[in-house]
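Trainee: Listed below, chain by chain, are the residues.
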Amino acid sequence: SQELEQSPQSLIVQEGKNLTINCTSSKTLYGLYWYKQKYGEGLIFLMMLQKGGEEKSHEKITAKLDEKKQQSSLHITASQPSHAGIYLCGADAQGAQKLVFGQGTRLTINP
Amino acid sequence: DAGVIQSPRHEVTEMGQEVTLRCKPISGHNSLFWYRQTMMRGLELLIYFNNNVPIDDSGMPEDRFSAKMPNASFSTLKIQPSEPRDSAVYFCASSLPGRSYNEQFFGPGTRLTVL
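Chains as they are written, first to last, in the numbering used here: chain Z, 1 to 111; chain B, 1001 to 1115.
Treat the hints as calculated values from the structure; they're not laboratory data. Glycine residues also receive a C-beta, built at the ideal position from the N, C-alpha and C atoms. Any given hint might turn out to be false.
Below, computed lysine to any residue pairings styled on SDA-like, alpha-carbon distance capped at 20 Å [stated by the list, open to error]:
#1 Z:36 x B:1089
#2 Z:69 x B:1103
#3 Z:38 x B:1089
#4 Z:27 x Z:111
#5 B:1024 x Z:40
#6 Z:38 x B:1008
#7 Z:38 x B:1103
#8 Z:38 x B:1007
#9 Z:38 x B:1111
#10 Z:36 x B:1005
#11 Z:36 x B:1039
#12 Z:38 x B:1005
Computed, partial: chain B to chain Z, Cβ under 10 Å [unchecked claim]:
#13 1003
#14 1004
#15 1033
#16 1035
#17 1045
#18 1050
#19 1055
#20 1059
#21 1063
#22 1074
#23 1087
#24 1089
#25 1095
#26 1111
Taking beta-carbon pairs under 7 Å as the criterion, some of the chain Z residues facing chain B (in silico) [to be verified]:
#27 42
#28 43
#29 45
#30 92
#31 99
#32 101
#33 103
Chain Z extracted, bound-state conformation (with noise of 0.2 Å):
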């Protein structure tokens, strides 16, 4: 089965500062989409990524999925903290529909 691994699992940054996590799959991706949780909420999706090699941004935060496609990094510019909460990755479950997630990636920002 899939497994997808995040980092790191946790991090803080101090407000204005750059940052990425990574998420890495033990198998070819299909469908890489990230997520965000703040603390007692649910899961907004932020973006979705298939080719390999592709790039998207969404205001402050983008998204690469590699050319390999076993994993993608999610890059936040100047970070807010507006910006803090559970950044978690999901993949397609090959010839299944539904989502396999990473374990998170715990972003505080200071002030």
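Chain B: place on chain Z using the hints.
Mentor: Okay, now just chain B, sitting in the frame of chain Z:
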């Protein structure tokens, strides 16, 4: 749109009691997913429905868990009897048909505590 609605938001019960969690998906979404989230195991898919029909329930822990979707606007997840290890946050999510099926919209979750 109100988004995915879940009730109750918090549930505290005693071991052995029956627990029913409820979900109303976004209107027009034909796929519905039930997840469980714990610190130890992360976010796990329990079961999902397409057009009110259960498609994959391989994530349901055991026979104590059951889920139904009697119509397009309502689903329940029932635990009977409940055990302390069932304590977790349970999420319901829904999605549109077609290629957007995994762009899922999550509800706020139900935090279940079994004493």
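Trainee: Confirm or reject each hint.
Mentor: Hint check results:
no.	hint	result
1	Z:36 x B:1089	holds (16 Å)
2	Z:69 x B:1103	holds (19 Å)
3	Z:38 x B:1089	holds (13 Å)
4	Z:27 x Z:111	violated (38 Å)
5	B:1024 x Z:40	holds (19 Å)
6	Z:38 x B:1008	holds (19 Å)
7	Z:38 x B:1103	holds (18 Å)
8	Z:38 x B:1007	holds (19 Å)
9	Z:38 x B:1111	holds (14 Å)
10	Z:36 x B:1005	holds (18 Å)
11	Z:36 x B:1039	holds (16 Å)
12	Z:38 x B:1005	holds (17 Å)
13	1003	holds (9 Å)
14	1004	holds (7 Å)
15	1033	holds (7 Å)
16	1035	holds (9 Å)
17	1045	holds (5 Å)
18	1050	holds (7 Å)
19	1055	holds (7 Å)
20	1059	holds (9 Å)
21	1063	violated (21 Å)
22	1074	violated (18 Å)
23	1087	violated (16 Å)
24	1089	holds (9 Å)
25	1095	holds (9 Å)
26	1111	holds (8 Å)
27	42	holds (3 Å)
28	43	holds (4 Å)
29	45	holds (5 Å)
30	92	holds (6 Å)
31	99	holds (5 Å)
32	101	holds (4 Å)
33	103	holds (5 Å)
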